[in-house]
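Chemist: So the chains spell out like this:
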Amino acid sequence: MVKEKGESVEQQVGRRDILAKIASAVFASLVAPAVLSETAQAATEQQPTQQTPKLPELPPPKPDEDPLIRMMRDLQRALKKPLEKRRWVMVIDLRKCVGCKACTVACIVENKLPPSVVYRPVLEEEIGKYPRVTLRFLPRPCLQCDNPPCTPVCPVKATWKRPDGIVVIDYEACIGCRYCITACPYGARSFDFGDYYTEGTPEIAPVEKAPSFEYHRTWERKGNESPIGNARKCHFCLHLIERGLLPQCVTTCIGRATYFGDANDPESLVSELINKPNAFRLKEDLGTEPKVYYLI
Amino acid sequence: MQATTLPITLPRWAKPAYYVVVGFLSLVGVVAVLVRLIYGMKVTALTSPIPWGMWVVIYIYFIGLSVGSFLMSTLVYVFGMHRYEKVGRMALLSALFALFGGMLFIWIDLGHPERFWYIFTRWSPTSVLAWECFFYLFYIVAILCKLWFLMRCDLASLAESSEGWRATFYRFVSLGFRCPKTASEWQRCHAQSMRVVRTIGIIGIPIAIAVRGGTGAIFAVVAAKPYWYTALFPIIFLVSALASGAALMAFLYAFFGKRDEDYPEIVKGMANFALLFLTIDMLLMAAEFLVGFYGRIPEHLEVYRQILFGPFPYTFWLGQLFFGTILPVTLISWKRTRQSVFWLGVAGLSAVVGIVAVWLNLVIPALVVPVLKGLDKAFFQPRWSFYYFPSFWEWASTVGLIALIVLGFSIAYELLPVFGIVEEKFSGGER
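From first to last, the protein sequence lines stand for chains A and B.
Note that my numbering has the first sequence beginning at 1, numbered continuously upward.
Note that my numbering has the second sequence beginning at 1, numbered continuously upward.
Derived from the structure by calculation, the hints contain no laboratory data.
One should not assume that every hint holds.
[Stated by the list, open to error] List of simulated lysine-lysine pairs, DSSO-like, C-alpha gap at most 27 angstroms: (1) A:K54 to A:K112; (2) A:K62 to A:K283; (3) A:K101 to B:K258; (4) A:K283 to B:K425; (5) A:K96 to B:K335; (6) A:K96 to B:K373; (7) B:K335 to B:K86; (8) A:K276 to A:K112; (9) B:K373 to A:K129; (10) A:K112 to B:K258; (11) A:K161 to A:K283; (12) A:K101 to B:K377; (13) A:K222 to A:K96; (14) B:K258 to B:K373; (15) A:K283 to A:K81; (16) B:K373 to A:K283; (17) A:K157 to A:K112; (18) A:K101 to A:K85; (19) A:K129 to B:K425; (20) A:K209 to A:K81; (21) B:K425 to A:K276.
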């Protein structure tokens, strides 16, 4: 009865309404990090639980919905599972990437990255010779290897792979020896030297001093305090995904070229994408088993 | 056979002038370190892709000098080459100060120097670097024990014979050890000391090899860098360390050794060891280069291109090849110069300085080559540059801290009985 009623209601609302609803959901997912970040400080005071406090509300499923909505739904499903049952992967469709670098910038803004740190640069490769020339863009987040070369080298156990596969750094424990940076075969780790983009100007832009919320905590940039003096890396926006939001690079991608989700869930969009012959991973010969897949 | 002893006599003002210069440079070093501690790592020219620079190079250089010197001292105390007896304590003293130097450089290189002790409280068995620091503990204990047992009789006698602060100092470092009064008492004491020193020396050999091989292994285990990822790396580290240790001894003994009948032979012996290890080092390097070239892995080849024709080719051609190898090898083996203590000392100095270039070329070029094609053009920020030249503060701290270590060594060299005193008194007649 209830189901029937639901369907009939949906039939009644027009196409325009549904579009508006989807648009508002997409918009919500874009602004939500900003809204949530205000409450994040309060949340860190409580223990950072694995359960998401309040997941964003999503419109009912629809066959040709925006992949962002689909992925958020996948995400919410994954969050209901225990941590070790999740397997976060990212899929980047190189055919869709136009090299706008919006992901690089969104990541810098989200994590308040200083000039020495970049979590997701976009590599460019020129193919062919003029006039028959084309560019290939390859965004490179941390590949969150299943067999990461960067973690065993750490002398103080400050970096490790979480049960859900994300390689994290404990800024409070990292002594800043930078061994992990040299050990990464993908150059995915950077060092926070404590610089500012607006250094040398009359005032350091307040946005650069704004705290970041990495690892469900507030990190103020002052003096030589962590994360300054630490190795830093992409963490798939752990602080967002555990609140039911997609990583900032995924949300911001104008061509929907980046996908994110739980590879352990056969229903998820990423599972559909990575189980195809056109998926490849970087430097697979090293046995690092990256969890970022590229589609060609 | 006999080497001509050049009368290396220095003018009277040389010593005070030396202390003024070295003291001033040390002061510069202290200021530079303070600047680095206050302003953080941003005073360096390091970048995220090239996170290891000058300080790491000098760190491995000093560890090399330390292990090289230590192993040279085992020639005397373990392998019984008693004709080099007089080098023994000097070698151990330089091993100690070089180790301090290494520690100092890697300490200021940490992003969070205040957390250095985490390495012991959060020790990770999977990290070569963690093992390395673990070995340092044993190593420093081995050096200190060896030095103390070697010097205890002399220190005790100095504590009795000197006055004022010196007496206090000697009493403190002799740890209350009493000086033997008679020849037979001394004989017994000496025999006991030598037994202990020999035992520590034997235990010290694997520790020193672990320390040095471990430093090489820090790099060798990084599969991400084909240039580092070779089993020859720890061996090259060890052999280069031995070469630098022997060369340092040749230099130190030629210019500051004890001028007696053994003097030329000791310098010659040390220089010959330097020659031996420099030659083996050359062979290993050649093997490494040839295999690398033949393998033609692009990132590997690119490293060689950087070394030979990159932005700093003189590091290789002038530093590593000329001062580090050709000049010392020629001076030690050429008929005209090998008889002269002076030139052997110069050969030692040349190798000691030139070997810095070896370490520079082992560390930095591997980082200059992007691990992914296009990574160097993916993000345009000065701190994301694949070019590295040390900053002013890096130079200042490097020169200054080296001066500080040299100053410490010089003071210790003057204060401590580097050459036996009591031994002369009791056994002077026999020898």
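Chemist: If a hint holds in the structure, say so; if it does not, say that too.
Modeler: Outcome of the hint check:
1. A:K54 to A:K112: holds (24 angstroms)
2. A:K62 to A:K283: violated (37 angstroms)
3. A:K101 to B:K258: Answer violated: K101 (chain A) to K258 (chain B) is near 68 angstroms, above 27 angstroms.
4. A:K283 to B:K425: Measuring from Cα to Cα gives roughly 69 angstroms; hence the hint is violated.
5. A:K96 to B:K335: Violated, because 72 angstroms separates the two Cα atoms, which is more than 27 angstroms.
6. A:K96 to B:K373: The given pair, whose Cα atoms are some 20 angstroms apart, holds under the 27 angstroms limit.
7. B:K335 to B:K86: holds (26 angstroms)
8. A:K276 to A:K112: At roughly 36 angstroms apart (the allowed maximum being 27 angstroms), K112 (chain A) and K276 (chain A) break the hint.
9. B:K373 to A:K129: This hinted pair holds, its Cα atoms lying about 18 angstroms apart.
10. A:K112 to B:K258: Between K112 (chain A) and K258 (chain B) the Cα gap is close to 62 angstroms, so the pair fails against 27 angstroms, i.e. violated.
11. A:K161 to A:K283: holds (19 angstroms)
12. A:K101 to B:K377: Measuring from Cα to Cα gives roughly 13 angstroms; hence the hint holds.
13. A:K222 to A:K96: Violated, at about 39 angstroms.
14. B:K258 to B:K373: Given pair K258 (chain B), K373 (chain B) is violated - Cα atoms ~57 angstroms apart, limit 27 angstroms.
15. A:K283 to A:K81: Status violated; Cα separation ~31 angstroms.
16. B:K373 to A:K283: The given pair, whose Cα atoms are some 12 angstroms apart, holds under the 27 angstroms limit.
17. A:K157 to A:K112: holds (25 angstroms)
18. A:K101 to A:K85: violated (32 angstroms)
19. A:K129 to B:K425: violated (84 angstroms)
20. A:K209 to A:K81: violated (36 angstroms)
21. B:K425 to A:K276: Not OK: K425 (chain B) and K276 (chain A) at ~86 angstroms, beyond 27 angstroms, violated.
Consistency with the previously given hints fails for numbers 2, 3, 4, 5, 8, 10, 13, 14, 15, 18, 19, 20, 21, ordered from lowest to highest.
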